[in-house]
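Protein chains in written order, with our numbering: chain H, 1 to 336; chain Y, 1 to 235.
Each hint should be verified, as a subset may be incorrect.
[Claimed, not checked] As a list, the in silico BS3-like pairs of lysine-lysine whose alpha-carbon atoms are at most 27 angstroms apart:
hint : chain 1 : residue 1 : chain 2 : residue 2
1    : H       : 43        : H       : 197
2    : H       : 323       : Y       : 117
3    : Y       : 153       : H       : 307
4    : H       : 323       : H       : 101
5    : Y       : 158       : H       : 265
6    : H       : 284       : Y       : 99
7    : H       : 304       : Y       : 155
8    : Y       : 146       : H       : 263
9    : H       : 191       : Y       : 174
10   : Y       : 153       : H       : 191
11   : H       : 28        : H       : 263
12   : H       : 191       : H       : 28
13   : Y       : 91        : Y       : 117
To be clear, the hints were calculated from the coordinates, so they are not data collected in a lab.
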Amino acid sequence: MTTWIRESEQSWIHKFCQAVLKTGPIPKHVAFIMDGNRRFASKRSIDRAQGHLMGFDKLAETLEWCNNIGISEVTVYAFSIENFKRSKEEVDGLMELARLKFTKLMEEKELLNKHGVCIRVLGNLSLLPHDIQQIVADAMNMTKNNNRAVLNVCFAYTAREEICSAMRDIAEGVDLGLIRESDISESVMEKCLYTRKSPHPDILVRTSGEVRLSDFLLWQTTYSCLSFVRVLWPEFSIWHLYAGILQYQRNYQVIQNAIQDNKVKREMSQRQSDVECCRVELLKTEEESITQHQVNEYSMQREKRIKTFLGHVEQKREQLLSKFEERVTYPLLQSS
Amino acid sequence: MNVLWICSWIKHVAKPWAPFKGRDVQSYDSKSLKRLPIHLGVIILEDNISYIDIANIIIWCMTLGISYISVYDRKGVIRQNQKHLAEEIHKRKEELYKKRRESFNINVYNGLYDSSKYTGPSSSNSSDVQLLSEEDGQLSLVQVAKEISKSVKEKRWKVEDVSLQNVENYLLEKSRFPDPDLVIKFGAAECLMGFLPWQIRLTEFFVSPSHRGLSYKTFLSLLQDYGNTRQRFGK
């Protein structure tokens, strides 16, 4: 089975376990570092390409489990920018796998729309071969209006490159006068990351026993429940997923408290900053008083600037994707 | 019977004179470790903080040859009680000097961007410690984004200069500490609670239930486990 979307019958024991888990909080977004395909291949004495293929099958299976239990968003680390360092043979093999799978995805349009699945490919897409850029842009365009489930595929991605790209967009925004240096906050940073349309992952799962984040969603997972699992990715089972959810439930309160505390800190800090900036803007000294109304006015203006800036960033992204979509048609025109 | 009683009395009286629980730091221990972290991070998730145990960890790191140590608690309680920690570290340094006639230097800095951080080469008898909290995580990256934006606005940097290489170098220069190779998380919660998101790109994470009453034996065995792991770096 090599399709993305599965619709298999659920066993009664799975249904029972799900019902039990659903008495507690269920994560809305789970991220996976699908590590171990190559070690699995060598363990089974099959070639690496086969290992990656089985890894893809496991992904499709995992998506079905997530869908059944109510996890509506899944993010996976499919290809890191660091992976370009691998042998040409392996990189080409992985690109070929991507080509195959994304093309297959386009054929499953009805199934995707039936389940309301939105596909997003996150990363520095300019690093990919042109034809993959086009397929990926098409896949995103085709599913962009679906809203029941989201699958984010991190491809040509590293967290540092993502954070740096957000910093660059922000610096450009300040340079163009769209936003002020004082407008920059955690919230603005988050809205400039590739993951800006998604909530932060509730759980980060990494298979194969490695206990590192390997440059994956570093900003977004700072308050996520971490589940390091010892099995290789193609051996990941629904029981490991259930165990991850139980872990999430066990840690739920303490993590929510930390997130809430951080949120309050951010709001207070923003309020303080607005008061100070308002004072500076109205040329008032520390002793002179400013009214709540004046501060509110300033906040509104700040939010307006940020909205315009984010619109500009979004437009840049759309233009890039359109460029990818148009790219492959040119050679066809020239040959005739 | 008398001999036994005398022995237990001696043991009871000798307790305050024994600074390290159980086995003491031996100089051959660092040679027994295949790989030593250059920068060790410690995340304390427990509410009840023991400065004696944190001081122990710092001293053990220093005698094993670990040059950089980070100590983190989300709310910054340790940062606020830097003086108390400094006192405990001082006590242990004195005990160590009495025992081994070696003098060590431990510099304790408050926060990731503490401007008093020493910039010269590290020496074998000195370790640098930075006390961190949540503000050194996402908020510090926001701070850097502001500084970089200012540089671009003031034409010191071009927008194209905001490259990964330049941002990495900028952050390393500002914090003066390399990225942590190993982080030990103490406490039950399975979450990093805001710890240095940028710097933990390739960090290995080990866990231990509690920092309170941590024995040297347990600490050493964690480092031995670290020495036995191997990274592939994406290849």
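Let me make sure I understand: some of the numbered hints might not hold for this structure. Which ones are they, in numerical order?
The structure conflicts with hints 1, 2, 5, 6, although it agrees with all the remaining ones.
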